[in-house]
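K.L.:
Each chain, written out:
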Amino acid sequence: MTSPHPILSILGVVIVAMSIAAFLIWVERRLLALWQDRYGPNRVGPFGLLQVLADSIKIFMKEDWIPPFVDIPVFILAPAIVFVTVLMSFAVLPVAPGIIVSDLNVGLLFFLAMSSLGVYSVVLAGWSSNSKYALVGGLRAAAQMLSYEVFMGLSLMGVVLLAGSFSLPAIVQAQKKIWFVIPQFPGFVLFLIAGLAETRRIPFDLPEAESELVAGYHSEYSGMKFGMFFVGEYMGVTLISSMIAVLFFGGWLGPVLPGLVWFFLKMFFFIAFFVLVRAALPRPRFDQLMSWGWKVMLPLALINLLATGAAVLAWR
Amino acid sequence: MLSILRTLWYVFLHSFRKRITVQYPEEKPYLAPRFRGRIILSRDPDGGERCVACNLCAVACPVGCIALQATEDEKGRRYPEFFRINFSRCIFCGYCEEACPTYAIQLTPDFEMGEFHRKNLVYEKEDLLIDGPGKYPDYNFWRIAGVTIGGKDKGEAAHEEGPVDVHTLLP
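If you read the sequences in order, they're chains A and B. Here the first sequence is numbered in the numbering used here, starting from 1 and rising by one per residue. Here the second sequence is numbered in the numbering used here, starting from 1 and rising by one per residue.
Bound-form chain A, shown alone (with noise of 0.2 angstroms):
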């Protein structure tokens, strides 16, 4: 398969994506609804489904106000890196044969150093805000992204090591046998933990708990800079959705339909999981976060990793 021009791949994936991230909010209402047996938005047009173009003509027209109290160039930057470092992981994301931005060498490396980026976001909205709630949701955020970062970079090291490569499509290629998830299940469990940290959804949204800190690390925010922090949540659900189709599930590796079905499919699945999740379990306490992160997940992904090189090396 001929790739397209870049420049083509560049706007698809990034068009694709942000209509992905505005799609999922209604995805997510809608599941939601079905889970606590309600029907969610279902009055704008078919389904519901022009309700999201509705909200952003309503967050458009919201006045976009800055606080007096916040550090300006600090306070407007913040919502932009989440944004920016979520598009640009998309950029070695392999959506099928071909299709792809960039197709690095160190494709899954990116991708975890601009996960890791994305922290500055978080942590530069609280600080910036000067509030005690917002700097109180940025600093949790801080040592939340830092505790799930180390083991989620570690349970991935075994797909790198069964893949031999970090480029992404050389992962998906090495799947063709066998999906990873059968071989590395438990990196598989704890990468979906640790994307769910990433991604600050529900049970790991202590950067962001409604009932204690008001809107944690975006109290002070308001108009197209709150859905900003907003829809780069939800790139950031598709991207750890697609990652782990990726790099788990065989991305677009399936028979019968072709390529870009079956990595939509997978990604659907994976994001309909995460609204699960967020349906059904409460939040922990946050001494409980970081404990189970750095005694139990952490040891795990160690262990995980230290059986896949053994087992790699006696193969061979």
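The hints are simulated quantities; they were obtained by calculation from the structure and are not laboratory data. Any given hint could turn out to be false.
As the list claims (entries may be wrong) - Derived DMTMM-like pairs: lysine to aspartate or glutamate, alpha-carbon spacing no greater than 25 angstroms straight-line:
1) B/K18 - A/D287
2) B/K28 - A/D37
3) B/K152 - B/E27
4) B/K18 - A/D37
As the list claims (entries may be wrong) - Okay, the calculated beta carbon distance ranges per label pair:
5) B/R6 - A/V84: 34 to 44 angstroms
6) B/V63 - A/P282: 35 to 45 angstroms
7) B/R89 - A/S56: 48 to 58 angstroms
8) A/K295 - B/R6: 45 to 55 angstroms
9) B/Y30 - A/I182: 47 to 57 angstroms
All figures in this text were calculated on a predicted structure; none of them were measured in a lab. Glycine included, every Cβ here is placed at the ideal spot set by N, Cα and C.
Based on these hints, arrange chain B on the given structure of chain A.
P.N.:
Same frame as chain A, but now just chain B:
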């Protein structure tokens, strides 16, 4: 860990449950006969106004949304000159119905009274008064009460005996 998976599974099973939302404008909810909705003023079986303008409803009303002025017709029968309910104040508690000695004021199973202008929620007597007797089809206050009005003298009401001439009781 197992409990987390079980929770996820139980929540997932809700995909196959019936949704409890009533899709309101298309699908109307069931309203019980005693539902406390829009307030009406009813009439006697013979078509006269039941309200005797006693002001008990206005006094019982916790938000003070009822205003009326009593007057009498040429037969000596009391009735409200005007009767005004401000539905933008009304909390539909039903105390006025409880207080009413003549079953005149009644609450009905109708809540669809949305308006674009608040002033339109002030209902006058001609908006409130209905043609029928409401929940009590046979009740007729003036035929039971021992009050003299034009066309009905003492002792002519139902289950009533004529006045006794006290002089016949003297020893």
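K.L.:
Looking only at beta-carbon atoms, does the pair A/K295, B/R6 fall within the given range of 45 to 55 angstroms?
P.N.:
24 angstroms, violated
K.L.:
Holds or violated: B/K28 with A/D37, Cα cutoff 25 angstroms?
P.N.:
19 angstroms, holds
K.L.:
Could you check the hint for me, namely that B/R89 and A/S56 are 48 to 58 angstroms apart, CB to CB?
P.N.:
38 angstroms, violated
K.L.:
Could you check the hint for me, namely that B/Y30 and A/I182 are 47 to 57 angstroms apart, CB to CB?
P.N.:
At 53 angstroms between Cβs, range holds.
K.L.:
Is the Cα-Cα distance between B/K18 and A/D37 25 angstroms or less?
P.N.:
Holds, because 7 angstroms separates the two Cα atoms, which is no more than 25 angstroms.
K.L.:
Going straight from one Cα to the other, do B/K152 and B/E27 come out at no more than 25 angstroms?
P.N.:
50 angstroms, violated
K.L.:
Please test the hint of 35 to 45 angstroms on the beta carbon pair from B/V63 and A/P282.
P.N.:
Cβ of B/V63 to Cβ of A/P282: about 40 angstroms, so the range 35 to 45 angstroms holds.
K.L.:
Check whether the Cα positions of B/K18 and A/D287 lie no farther apart than 25 angstroms.
P.N.:
39 angstroms, violated
K.L.:
That 34 to 44 angstroms hint for B/R6 and A/V84 (C-beta), does it hold up?
P.N.:
Between B/R6 and A/V84, where Cβ atoms are some 40 angstroms apart, the hint holds.
In this structure, the earlier hints numbered 1, 3, 7, 8 are contradicted, and the remaining ones agree with it.
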